[in-house]
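Colleague: Listed here are the chains, written in short residue letters.
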Amino acid sequence: MIITRERFNQGMTYDDYKAQMSRNRDRLEENERTLELAPEDVRFFAELAEPLHVLVITEDWCGDAIANLPILGRLAAVSGRLDIRIFLRDQNPDLMDQYLNQGVHRSIPVFAFFDTHFQPIGHWIERPALISEMQGKMLADLYRTDPAFAGIAPGTSLAVMPEAARGRLMQAFAAFRAETRSIADREVIRELRELLARSLAGEER
Amino acid sequence: MSCANYWRAALQERKGNWHMEMESGARPPRVSIVYCAACGYEPQTIELASALMHTFTYDLGAIELIPWQDGAFDVAIDGELVHSMYRDGGFPAHDTIIQAVRQRLVR
Numbered sequence: 016m017i018i019t020r021e022r023f024n025q026g027m028t029y030d031d032y033k034a035q036m037s038r039n040r041d042r043l044e045e046n047e048r049t050l051e052l053a054p055e056d057v058r059f060f061a062e063l064a065e066p067l068h069v070l071v072i073t074e075d076w077c078g079d080a081i082a083n084l085p086i087l088g089r090l091a092a093v094s095g096r097l098d099i100r101i102f103l104r105d106q107n108p109d110l111m112d113q114y115l116n117q118g119v120h121r122s123i124p125v126f127a128f129f130d131t132h133f134q135p136i137g138h139w140i141e142r143p144a145l146i147s148e149m150q151g152k153m154l155a156d157l158y159r160t161d162p163a164f165a166g167i168a169p170g171t172s173l174a175v176m177p178e179a180a181r182g183r184l185m186q187a188f189a190a191f192r193a194e195t196r197s198i199a200d201r202e203v204i205r206e207l208r209e210l211l212a213r214s215l216a217g218e219e220r
Numbered sequence: 015m016s017c018a019n020y021w022r023a024a025l026q027e028r029k030g031n032w033h034m035e036m037e038s039g040a041r042p043p044r045v046s047i048v049y050c051a052a053c054g055y056e057p058q059t060i061e062l063a064s065a066l067m068h069t070f071t072y073d074l075g076a077i078e079l080i081p082w083q084d085g086a087f088d089v090a091i092d093g094e095l096v097h098s099m100y101r102d103g104g105f106p107a108h109d110t111i112i113q114a115v116r117q118r119l120v121r
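Protein chains in written order, with our numbering: chain G, 16 to 220; chain B, 15 to 121.
Since the hints were made in silico from the structure, they are not lab data. Heads up, the beta-carbon is just placed ideally off N, CA and C, and yes, glycines get one too. Just so you know, not all the hints are guaranteed correct.
Said to hold, decoys possible - Derived CB-CB ranges, DEER-like: (1) B:A40 x G:N116: 24 to 30 Å; (2) G:E65 x B:H108: 34 to 40 Å; (3) G:H120 x B:D109: 41 to 47 Å; (4) B:L119 x G:S37: 35 to 41 Å.
As the list claims (entries may be wrong) - Footprint (simulated), chain B over chain G, 3 or more residues, beta carbon under 8 Å: (5) 88-102; (6) 174-183.
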């Protein structure tokens with residue numbers, strides 16, 4: 016992962032990014048405003064030994080980015096130790112292709128951390144692992160217990176799913192997102208802390 | 015033929031076809047497009063829907079656009095999956111979907 020200072024500085028600041036958003040700015044700012052930060056989390060980032068550069072790859076249509084970028088934005092604002100530069104995924108394939116999810120997927124958001132000399136520290140992609148796991152369990156339970164899914168195999172495309180099952184699936188996902196919001200926020204922060212603590216302790220350099 | 019008359023004639027023809035279809039039990043194909051709304055796939059969805067509208071004019075029963083997530087881009091015709099991004103990879107060529115609709119129209 017080679018990122019030069021010059022390339023990094025071509026990115027947008029968080030405020031510049033918000034100013035150019037063509038959609039979902041209200042949702043992003045609402046998530047930023049309502050995020051609950053624990054004092055120990057604020058302290059962790061405020062007490063980082065050195066300020067860190069954070070390269071962000073995102074797009075304003077991405078739900079995971081609208082949920083998770085504001086967390087990084089708030090952490091940067093309250094700690095004063097994170098220097099964020101934002102790049103749009105579809106206009107920066109050279110950057111995106113350095114951070115493919117499982118080596119294949121162009122998942123966003125990407126938060127890539129660098130020290131003051133632009134040595135990579137570690138990166139975080141898309142959403143917390145726990146949320147993906149909970150979502151899988153929610154789906155398995157739904158298919159097993161809801162009569163609307165009788166005879167429908169998990170993974171069946173919505174395009175060929177009966178109307179009743181499709182409606183139930185959409186309702187279930189909406190409820191899941193609402194119910195797991197605070198857990199997801201906490202998990203993002205926990206995973207970022209873990210990534211930085213592990214890497215700054217010298218395990219992943 | 016004036017524009018109004020053209021459309022009136024086209025509608026009459028369409029009504030005639032519907033009448034024949036109802037009598038024969040055939041129904042115009044219904045196309046469902048599931049797209050990942052969290053992935054910015056709206057342009058590809060609209061382009062495919064537009065290609066179908068321009069190609070088939072009155073001969074489709076419906077074009078259904080279904081917002082979803084998880085990187086989906088699936089196309090079904092009358093409940094039969096003709097393209098899946100998971101299964102087939104990428105977006106479908108418009109001609110592939112148009113051809114699949116044509117095959118159902120001649121059945």
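Colleague: Determine for every hint whether it applies to the structure shown.
Modeller: Going down the list of hints, with the structure as the test:
1. B:A40 x G:N116: 24 to 30 Å: violated, 45 Å
2. G:E65 x B:H108: 34 to 40 Å: Since the Cβ atoms of G:E65 and B:H108 sit about 53 Å apart, the hinted range of 34 to 40 Å is violated.
3. G:H120 x B:D109: 41 to 47 Å: Cβ of G:H120 to Cβ of B:D109: about 27 Å, so the range 41 to 47 Å is violated.
4. B:L119 x G:S37: 35 to 41 Å: At 39 Å between Cβs, range holds.
5. 88-102: With 0 residues close enough to chain B, the hint is violated.
6. 174-183: holds (count 3)
Hint compliance for this structure: hints 1, 2, 3 and 5 are broken, all remaining hints hold.
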